[in-house]
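2 protein chains.
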Amino acid sequence: MAEYIEPLQRLAEQFGRLEGIGRKTALRLAFSVLEMSGEEAADFAQAVIDAKTKIHLCPVCQNLTDAEKCSVCADEGRDRSVICVVEDPRAVMSIEKVREFKGLYHVLHGAISPMNGITPEKLKIKELLARCEDPQVSEIIVATNPNVEGEATAMYLSRLLKPLGIKVTRLAYGVPVGADLEYADEVTLFRALEGRRDV
Amino acid sequence: MAEYIEPLQRLAEQFGRLEGIGRKTALRLAFSVLEMSGEEAADFAQAVIDAKTKIHLCPVCQNLTDAEKCSVCADEGRDRSVICVVEDPRAVMSIEKVREFKGLYHVLHGAISPMNGITPEKLKIKELLARCEDPQVSEIIVATNPNVEGEATAMYLSRLLKPLGIKVTRLAYGVPVGADLEYADEVTLFRALEGRRDV
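Protein sequences, first through last, are from chains A and B. Counted the way our numbering counts, the first sequence spans residues 59 to 257. Counted the way our numbering counts, the second sequence spans residues 59 to 257.
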């Protein structure tokens with residue numbers, strides 16, 4: 059008996075396939091399931107199935123949705139002239155929480171990373187270009203992550219969209235609000251200085 | 059759109075019910091499921107169901123098993139005169155990994171903790187007493203966790219079993235005080251088994 063019994067081992071392996079879950083955590087989670095009632099475990103399993111079968115991509119912005127269109131695209135009150143381009147659905151939620159941006163989104167589902175085999179063709183860039191053919195669209199805010207891949211993607215989109223006469227902007231770099239200057243890295247501080255504004 | 063879409067939200071809530079999973083981690087895990095293929099998600103859901111339906115307690119030692127008896131109780135080569143009493147199935151695995159203990163186990167499924175409403179009646183102590191009626195049984199090694207509840211349980215069992223003429227021993231303090239058996243390393247566990255003492 060060097061291994062756990064098979065159904066437990068298999069459940070732990072399934073948990074271990076989830077992002078950021080190691081071997082010990084996977085086992086702890088599997089034991090957690092055993093402590094549930096049969097009904098709770100069935101609900102859990104059903105939630106997994108439902109998430110996979112009911113959720114699909116919004117045909118307009120490629121965000122996740124369980125309706126025909128996502129709630130942002132379906133909202134008639136949103137400004138259709140600005141599209142905020144993000145890497146994943148989590149970024150949409152982060153920006154929505156600010157309650158400041160009233161335009162639409164476009165989810166790329168990744169960032170260009172030739173090292174990892176992610177070429178522009180693998181992202182939802184084709185779909186973004188199609189949306190940009192609408193003369194209503196006047197600005198694209200590129201809100202990809204502030205790292206090498208996100209930067210490369212922003213550059214790529216900028217070269218693609220500027221010839222179409224669309225304004226392409228990027229989120230400002232700077233020191234995070236509430237943080238301590240002491241802990242800001244040099245590149246961030248440099249960008250913050252570079253982008254300084256009149257008070 | 060202040061909330062995530064319903065099926066995703068519901069899946070995240072399900073993950074959030076698992077031990078040690080907070081809100082942010084639960085969401086990350088839910089997104090992980092969305093990145094699986096439909097088949098993988100179905101396998102995951104099935105593993106949850108199977109773990110719950112196929113696993114039950116061994117009628118002898120109360121450890122988890124998917125067979126009639128657990129593999130230790132079913133093993134004719136084990137020494138039936140020594141029973142190692144542990145709090146949970148994870149502790150059985152930890153001790154089995156040492157490959158030193160050749161006796162049987164008994165899983166209490168908890169430790170006495172009046173503060174949390176866990177009285178001796180709620181543990182598998184009745185079942186342990188029934189096993190101790192077998193004259194073959196000569197020693198009970200109490201390997202409950204080295205904390206207050208585990209200590210109290212050891213004392214309780216000692217008072218209960220000594221009058222029956224059974225030797226009751228406790229793991230030596232080699233196991234770090236206040237820790238969990240699950241996380242003890244094999245050498246420490248080996249020393250603890252080797253140095254066990256009368257309670």
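Hints listed in this document are in silico derivations from the structure and should not be mistaken for laboratory results. Remember, it's a predicted structure, so these values are computed and weren't measured experimentally. Honestly, I wouldn't trust all of these hints.
Unchecked claim - Derived Cβ-Cβ restraints for the label pairs, each shown as a range:
id, chain 1, residue 1, chain 2, residue 2, range
1, A, ASP133, B, PRO178, 57 to 63 angstroms
2, B, GLY74, A, ALA250, 42 to 48 angstroms
3, A, ARG157, B, HIS167, 46 to 52 angstroms
4, A, GLY78, B, THR111, 26 to 32 angstroms
5, B, GLY96, A, SER129, 21 to 27 angstroms
6, B, ASP192, A, GLY80, 37 to 43 angstroms
7, A, ASP133, B, PRO117, 30 to 36 angstroms
8, B, LYS155, A, GLN104, 32 to 38 angstroms
Built from N, CA and C at the ideal position, the CB exists for glycine as well.
Hints versus structure:
Look at A:ASP133 against B:PRO178: about 60 angstroms separates their beta carbons, and that is inside 57 to 63 angstroms. Taken as a hint, the range 42 to 48 angstroms is violated for the pair B:GLY74 and A:ALA250, whose Cβ atoms sit roughly 36 angstroms apart. The supplied range of 46 to 52 angstroms is met by A:ARG157 and B:HIS167, whose beta-carbon atoms lie about 48 angstroms from each other. One distance hint, 26 to 32 angstroms for the beta-carbon pair A:GLY78 and B:THR111, holds here, with the actual separation near 28 angstroms.
Distance hint check: the CB atoms of B:GLY96 and A:SER129 are about 24 angstroms apart, consistent with the given range 21 to 27 angstroms. Judged by the Cβ atoms, the range 37 to 43 angstroms given for B:ASP192 and A:GLY80 holds: they are separated by roughly 41 angstroms. Roughly 59 angstroms separates the CB atoms of A:ASP133 and B:PRO117, a value that falls outside the hinted 30 to 36 angstroms. Take B:LYS155 and A:GLN104: their Cβ atoms lie about 35 angstroms apart, and the range 32 to 38 angstroms holds.
Against the hints set out earlier in the document, violations occur for numbers 2, 7.
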